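Number of protein chains: 2
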Amino acid sequence: MMKTTLAVDAGGTSSRAALVDASARRLGSGRAGGGNPTSSGVDAAATQIALAARAALDQAGNTPGGPAVAAGSPVVITQAGLVSDAYRRALDAHLRPLGLGPVVIEPDLLGMYGSGSASPDGIVLVAGTGSVAGRIRDRRVVREVGGAGWLLGDGGSGFWIARRVVRAVAADLDDIGPRTALTPLLCQMIGTTPETTSDQAHRRRSSALDALIRSVNDGPPIAIARLAPLAFLAIDDEVALAILDAAVDRLALLVERVTGLDSDDRDATLVVGGSVLVNGLLPAVCSARERLSAAAAGARLVPVADGLVGAAALGLRMLGEDVDDATLGRLRRDLAAGATR
Amino acid sequence: MMKTTLAVDAGGTSSRAALVDASARRLGSGRAGGGNPTSSGVDAAATQIALAARAALDQAGNTPGGPAVAAGSPVVITQAGLVSDAYRRALDAHLRPLGLGPVVIEPDLLGMYGSGSASPDGIVLVAGTGSVAGRIRDRRVVREVGGAGWLLGDGGSGFWIARRVVRAVAADLDDIGPRTALTPLLCQMIGTTPETTSDQAHRRRSSALDALIRSVNDGPPIAIARLAPLAFLAIDDEVALAILDAAVDRLALLVERVTGLDSDDRDATLVVGGSVLVNGLLPAVCSARERLSAAAAGARLVPVADGLVGAAALGLRMLGEDVDDATLGRLRRDLAAGATR
Numbered sequence: 001m002m003k004t005t006l007a008v009d010a011g012g013t014s015s016r017a018a019l020v021d022a023s024a025r026r027l028g029s030g031r032a033g034g035g036n037p038t039s040s041g042v043d044a045a046a047t048q049i050a051l052a053a054r055a056a057l058d059q060a061g062n063t064p065g066g067p068a069v070a071a072g073s074p075v076v077i078t079q080a081g082l083v084s085d086a087y088r089r090a091l092d093a094h095l096r097p098l099g100l101g102p103v104v105i106e107p108d109l110l111g112m113y114g115s116g117s118a119s120p121d122g123i124v125l126v127a128g129t130g131s132v133a134g135r136i137r138d139r140r141v142v143r144e145v146g147g148a149g150w151l152l153g154d155g156g157s158g159f160w161i162a163r164r165v166v167r168a169v170a171a172d173l174d175d176i177g178p179r180t181a182l183t184p185l186l187c188q189m190i191g192t193t194p195e196t197t198s199d200q201a202h203r204r205r206s207s208a209l210d211a212l213i214r215s216v217n218d219g220p221p222i223a224i225a226r227l228a229p230l231a232f233l234a235i236d237d238e239v240a241l242a243i244l245d246a247a248v249d250r251l252a253l254l255v256e257r258v259t260g261l262d263s264d265d266r267d268a269t270l271v272v273g274g275s276v277l278v279n280g281l282l283p284a285v286c287s288a289r290e291r292l293s294a295a296a297a298g299a300r301l302v303p304v305a306d307g308l309v310g311a312a313a314l315g316l317r318m319l320g321e322d323v324d325d326a327t328l329g330r331l332r333r334d335l336a337a338g339a340t341r
Numbered sequence: 001m002m003k004t005t006l007a008v009d010a011g012g013t014s015s016r017a018a019l020v021d022a023s024a025r026r027l028g029s030g031r032a033g034g035g036n037p038t039s040s041g042v043d044a045a046a047t048q049i050a051l052a053a054r055a056a057l058d059q060a061g062n063t064p065g066g067p068a069v070a071a072g073s074p075v076v077i078t079q080a081g082l083v084s085d086a087y088r089r090a091l092d093a094h095l096r097p098l099g100l101g102p103v104v105i106e107p108d109l110l111g112m113y114g115s116g117s118a119s120p121d122g123i124v125l126v127a128g129t130g131s132v133a134g135r136i137r138d139r140r141v142v143r144e145v146g147g148a149g150w151l152l153g154d155g156g157s158g159f160w161i162a163r164r165v166v167r168a169v170a171a172d173l174d175d176i177g178p179r180t181a182l183t184p185l186l187c188q189m190i191g192t193t194p195e196t197t198s199d200q201a202h203r204r205r206s207s208a209l210d211a212l213i214r215s216v217n218d219g220p221p222i223a224i225a226r227l228a229p230l231a232f233l234a235i236d237d238e239v240a241l242a243i244l245d246a247a248v249d250r251l252a253l254l255v256e257r258v259t260g261l262d263s264d265d266r267d268a269t270l271v272v273g274g275s276v277l278v279n280g281l282l283p284a285v286c287s288a289r290e291r292l293s294a295a296a297a298g299a300r301l302v303p304v305a306d307g308l309v310g311a312a313a314l315g316l317r318m319l320g321e322d323v324d325d326a327t328l329g330r331l332r333r334d335l336a337a338g339a340t341r
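Heads up: the protein sequence lines correspond to chains A and B, in order. Counting from 1, one number per residue, gives the positions in the first sequence under my numbering. Counting from 1, one number per residue, gives the positions in the second sequence under my numbering.
These are computed hints drawn from the structure, not numbers from a lab. Keep in mind that a hint or two might mislead.
Derived Cβ-Cβ restraints for the label pairs, each shown as a range [said to hold, decoys possible]:
id, chain 1, residue 1, chain 2, residue 2, range
1, B, Thr-193, A, Ala-22, 47 to 57 Å
2, A, Gly-329, B, Pro-184, 17 to 27 Å
3, B, Pro-184, A, Asp-138, 33 to 43 Å
4, A, Gly-329, B, Asp-236, 53 to 63 Å
Keep in mind the model is a prediction, meaning the values are calculated, not measured. Note that CB positions come from ideal geometry on N, CA and C, so glycine has one too.
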């Protein structure tokens with residue numbers, strides 16, 4: 001029977017799984033809810049990961065535990081944050097009945113890096129809701145910079161950009177900051193209208209500001225990260241450009257810090273992932289990518305969608321298979337196709 | 001029977017009440033939990049305010065609803081945020097059985113201002129957990145600047161200072177920011193030790209940073225405001241001084257915005273309240289006060305502890321009494337003495 005491996009990229013809002021055979025062919029894909037034990041809780045995270053795994057097995061035509069999944073198919077889960085023993089036990093309890101195991105949990109940074117490069121050594125930068133950079137050596141994360149969370153760090157992340165966007169709009173509406181094109185964009189988004197100055201003079205406070213305060217505080221703070229794309233939409237607006245410029249400064253600093261650790265980084269690969277640098281609109285992102293590549297001593301920049309391909313590559317290597325850049329490219333196309341089903 | 005009024009300063013963490021007679025003599029004081037309907041909920045806020053009122057009546061030797069409280073004693077409650085009809089009804093339901101009423105709810109800015117000035121026109125700045133400035137005309141708040149909350153605004157506030165403190169320490173520990181004396185201060189506070197650089201090189205990440213991340217995220221974001229005083233403790237530290245300097249810039253901007261509304265502000269009073277400017281350590285606060293006074297076109301700066309005296313002054317005026325600066329001074333001493341019982 002063909003050997004198989006199950007790859008899972010477990011994120012805070014969704015978990016994706018893919019069953020892959022030893023020749024790196026996708027057999028099935030699945031998706032479920034958030035699978036991070038820190039944000040979702042140990043048992044909820046394990047449940048969602050098992051749901052995604054089950055969906056991938058079903059798509060591959062398996063009955064759970066049936067013969068088409070080779071016994072001892074390794075599961076590689078990539079995720080952020082700390083891994084507790086209780087979480088490992090919960091995963092085993094949920095995945096063993098599906099005929100899967102052993103279970104290996106790797107840092108999301110390693111999955112993201114592995115999605116973009118087959119080399120054992122390189123640099124990775126993730127700028128999604130949060131931001132973190134890592135130095136990879138011998139397929140291990142040997143140094144991590146950033147990733148301290150939205151309150152303590154994550155400079156240049158989606159949250160960081162969005163926080164500056166909403167504060168710039170609040171300051172504009174409150175007349176303690178410069179006028180910005182972000183204001184009508186955000187007001188339209190939350191269904192209000194910025195008043196003219198003469199209206200404001202007759203109120204204790206702008207009613208648009210009151211509406212913004214209500215809207216932004218109607219949910220957890222981290223939820224404002226969804227507003228980051230406004231900075232990319234306000235083309236030619238000086239306030240928005242300054243926010244993006246400062247964001248790239250912060251991200252470049254992370255990259256410099258992990259690049260400086262090795263003297264032989266001149267030919268390294270910089271894998272970048274996360275919505276800020278991957279889904280952001282051009283041309284802001286193009287110029288950002290150039291600056292980040294420069295910060296990484298001229299490394300080749302490879303954007304990736306997520307860590308699922310990297311998790312699959314780690315699983316294939318556990319099966320004793322060699323994974324080169326050509327295989328990675330095929331996996332990227334194949335798993336991206338599976339994601340849209 | 002002597003006419004009386006009950007003053008309540010209802011804050012997010014505690015509510016203070018004082019029963020005062022028409023000659024501005026304190027008859028009794030009381031204190032209870034948080035009385036802000038936005039943060040505590042309508043019914044919980046009304047309950048705490050009634051508890052504080054009851055304690056003040058008890059101290060004055062009254063049985064609730066008994067004869068020593070004059071019928072129709074006005075209640076003046078000063079508090080931040082919006083006032084709903086449901087909240088007014090809850091207050092009536094809790095306070096009427098105590099023989100109190102009518103109930104008047106005024107903005108906390110007006111109470112704070114009234115604690116420091118008997119003039120009907122002036123300027124007030126509050127920098128506690130949040131920050132807001134107001135322009136008072138004819139004893140009404142005619143313009144409010146700032147106070148948008150910690151996520152959208154509140155530049156220069158305790159939260160704002162504390163957020164910069166914890167981020168500066170996180171960046172120091174993560175080697176993406178300058179060394180600062182804030183780091184050993186904060187590490188000592190949370191019971192950890194910053195590693196030496198040679199230790200750090202052998203770890204994926206500083207263990208002190210991990211400890212800081214856990215500590216800071218172990219509670220609601222706003223709770224970090226308690227760390228603001230660290231900025232005042234790190235004397236001569238450039239990072240701390242830069243944070244305080246930027247904070248005063250933000251506060252001065254708020255003051256300028258409300259000062260600029262009148263051309264005759266040259267002799268006005270600037271009342272300042274809130275822990276940042278009142279409890280902060282010298283000499284940082286002294287220099288800040290000078291700059292704020294300058295921002296208010298040279299207004300006389302009067303620091304106040306809270307809005308309780310202002311609430312009492314509003315109640316006395318409802319009884320038809322005149323309240324001048326001498327009366328205010330006496331009320332301040334009298335109510336402060338009541339607070340320590």
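Problem set entry | B:Thr-193 versus A:Ala-22 beta-carbon gap, inside 47 to 57 Å or not | This hint holds: roughly 48 Å between Cβ atoms.
For this session: Return holds or violated for the Cβ distance of A:Gly-329 and B:Pro-184 against the range 17 to 27 Å.
Result: violated, 49 Å
For this session: Note whether the CB distance of A:Gly-329 and B:Asp-236 lies within 53 to 63 Å or breaks it.
Result: Hint holds: Cβ distance 56 Å, inside 53 to 63 Å.
For this session: With respect to the beta-carbon atoms only, verify the hint that B:Pro-184 and A:Asp-138 lie 33 to 43 Å apart.
Result: holds, 35 Å
Taken one by one, the earlier hints fail for this structure only at number 2.
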